[in-house]
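Enquirer: As a plain string of letters, each chain reads:
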Amino acid sequence: DIQMTQSPSSLSASVGDRVTITCRASQSISSYLNWYQQKPGKAPNLLIYAASSLQSGVPSRFSGSGSGTDFTLTISSLQPEDFATYHCQQSYSIPLTFGGGTKVEIK
Amino acid sequence: QVQLVESGGGVVQPGGSLSLSCAASGFTFTNYGMHWVRQAPGKGLEWVAFIRYDGSNRHYADSVKGRFTISRDNSKNTLYLQMNSLRAEDTAVYYCAKDSGSGWYGNWFDPWGQGTLVTVSS
Numbered sequence: 001d002i003q004m005t006q007s008p009s010s011l012s013a014s015v016g017d018r019v020t021i022t023c024r025a026s027q028s029i030s031s032y033l034n035w036y037q038q039k040p041g042k043a044p045n046l047l048i049y050a051a052s053s054l055q056s057g058v059p060s061r062f063s064g065s066g067s068g069t070d071f072t073l074t075i076s077s078l079q080p081e082d083f084a085t086y087h088c089q090q091s092y093s094i095p096l097t098f099g100g101g102t103k104v105e106i107k
Numbered sequence: 001q002v003q004l005v006e007s008g009g010g011v012v013q014p015g016g017s018l019s020l021s022c023a024a025s026g027f028t029f030t031n032y033g034m035h036w037v038r039q040a041p042g043k044g045l046e047w048v049a050f051i052r053y054d055g056s057n058r059h060y061a062d063s064v065k066g067r068f069t070i071s072r073d074n075s076k077n078t079l080y081l082q083m084n085s086l087r088a089e090d091t092a093v094y095y096c097a098k099d100s101g102s103g104w105y106g107n108w109f110d111p112w113g114q115g116t117l118v119t120v121s122s
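Taken in order, these protein sequences are the chains called A and B. Residue numbering for the first sequence follows our numbering, starting at 1 and increasing by one per position. Residue numbering for the second sequence follows our numbering, starting at 1 and increasing by one per position.
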């Protein structure tokens, strides 16, 4: 199974900050890496697919990069509505696996 | 718009069975693979099962293999998850999610349903 490791597991940041979340795969997954945002009590919502493609309707302050084993999700200027948990997920092999999540909290 | 609505969650005793449904609308259901993903209370996301657009291929997480069965009725635009021999560790919110394509490789989940809570407890 491919293990997905996210870091940090949580972070505190202020509105306007630049935030970077890292996801590392235990083996190469090419660019088959997706990012989801989840708010409390809600279903996850797709942000980024195929490592760097922005899902329609998602604000341009979100961006993704990386390939192989190392990936990043960047929020260029954190907004109040961005406080949530972020999950990465690989679609290179079965079983499909997620990172442990990164909770972004208000400083 | 694309909509997925899960139902069937509830409280069940260990060793019991439960069947979940996911009603799909707003897209051509017969063209897309579908998934079940779960989230235990306060925990991360765990992929559970996948079924190809035509039902010809299915995959399961090791944690549910042999106990859970994913199926679909394309005439009813509905996805199912039959859960048998339930354990306490199966307690979670279960989400259905549409695959971005007909298979799973290189794809993503979009959108997700609102989820249905399954609690396994005596």
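Derived by calculation from the structure, the hints in this document are not laboratory data. Wrong hints could be hidden among the right ones.
Derived SDA-like pairs (lysine to any residue); straight-line CA-CA distance at most 25 Å [to be verified]: (1) K43/B / G16/A; (2) K107/A / V11/B; (3) K42/A / V11/B; (4) K43/B / G41/A.
Enquirer: Work down the list of hints and note, for each, if the structure agrees.
Expert: Going through the hints against the structure:
Taken as a hint, the K43/B and G16/A pair is broken in the structure, with Cα atoms around 28 Å apart against an allowance of 25 Å. For the proposed pair K107/A and V11/B, the alpha carbon gap of about 38 Å is over 25 Å, so the pair is violated. Under the criterion of a C-alpha separation no larger than 25 Å, the hint pairing K42/A with V11/B is consistent with the structure, at around 20 Å. Restraint check for K43/B and G41/A: satisfied, since their Cα atoms lie roughly 12 Å apart, inside the 25 Å limit.
Checked against the numbered hints given earlier, this structure breaks hints 1 and 2; the rest are met.
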